[in-house]
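**Student:** All chains should be built: construct the whole structure from the sequences, respecting the hints.
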Amino acid sequence: MTDPYSDNLFTKFCTSVFNTIDKPVTWFRERVVVPNRKEYPWYHRSYNRVPTIDQCYTDDPVCFFEANEQWIRDRQVDREIVNILRQRWRDCAFYEGVDAPVKCVELQKISEDAETNFFIKYGDLSAYANVKDCYMKQKHRMLWERRHGPVGTGMKTEQ
Amino acid sequence: MTVLSVLRTAAGPARLAITHNSQQVAKMSDHRAMNIIPSRFQWNKFKDMLHLYFVGAAIPLLAGIGITNMMVGPATLSEIPEGYVPREDEYYKSPITRFLVRNFTRNEQMEYEKKMQYIWETEHKRQLRLIEKRVKKLMAERGDYKAWYYTPHIARKYQRIVRKETEELMERRPAA
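Protein chains in written order, with my numbering: chain A, 361 to 519; chain B, 3 to 178.
Only true hints are included.
Rough simulated footprint, nothing fancy, chain A against chain B, three-plus residues with beta-carbon under 8 Å:
{"hint": "1", "region": "64-74"}
{"hint": "2", "region": "85-97"}
{"hint": "3", "region": "114-126"}
Since the hints were made in silico from the structure, they are not lab data.
Think of the CB as a built atom: it goes at the ideal place given N, C-alpha and C, for glycine as much as any other residue.
**Tutor:** Set out below in structure tokens:
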């Protein structure tokens with residue numbers, strides 16, 4: 361079956377108007393530019409894993425520096441991951457339109473879980489946070505959970 | 003450039019028309035008259051600057067970038083082969099960036115290692131200085147070591163004389 365959009369006169373007219381600019385440019389690129397170029401590679405930088413902050417001694421600033429740099433890179437990676445998952449949900453919602461609350465529920469759940477986990481790890485630290493602040497945040501959360509139970513069940517008062 | 007000078011000679015008659023057709027004429031002592039017209043300074047300056055920024059800067063840069071992209075072209079992203087350590091400029095896509103990184107920029111890994119070396123050195127110095135500070139504080143508190151806070155008293159006999167005289171003075175003036 362032919363494409364219903366192609367044997368339409370109006371579409372053909374619009375395509376030919378577009379081609380007045382597109383055809384010369386494409387011809388120039390495919391016949392002149394691309395054969396004159398050589399293919400050569402570029403790579404993404406790959407960083408080795410170094411000891412994390414929980415494996416560093418307290419009086420070792422070099423270890424701290426490396427752990428901090430690694431934490432900054434990992435935080436950027438986590439930010440991009442959350443962004444990608446959110447974008448997937450948004451694309452689904454845009455495509456489905458009105459049906460989005462019904463059809464995009466899995467993607468919504470995945471995205472919201474990722475955001476929650478990101479906030480647990482990196483949220484509410486200041487703009488000048490370093491890896492030690494993040495580590496202490498984890499420690500304080502574990503202490504709080506030891507005293508009051510899982511997060512979300514409320515603080516226990518003195519009985 | 004030749005385009006623009008052709009335009010200038012073509013505009014000659016028009017310019018004469020502008021200057022010689024104005025209503026105001028200043029008849030001075032000589033037979034010639036000076037035609038008073040509004041200033042064309044800003045317009046001429048604008049054309050001059052436009053010409054400079056396009057012909058001197060924009061067109062050469064755009065031509066250079068265009069020729070680089072047509073002749074050399076950007077790189078293609080690929081996996082790092084096993085056991086291969088890429089050069090610093092092989093981490094960038096555009097050939098112009100690669101040229102700058104190869105010839106003018108500092109090596110990122112080297113700067114990282116230098117920074118760590120600096121931290122290590124200053125940490126050593128800091129620890130030594132902390133120890134010095136602690137030792138000095140203890141010497142001040144205890145006064146049991148001769149290095150800091152020690153004044154050698156060599157004039158003990160003069161001290162005895164002064165003490166005896168001070169005591170006799172205090173005896174003579176009881177309620178001073």
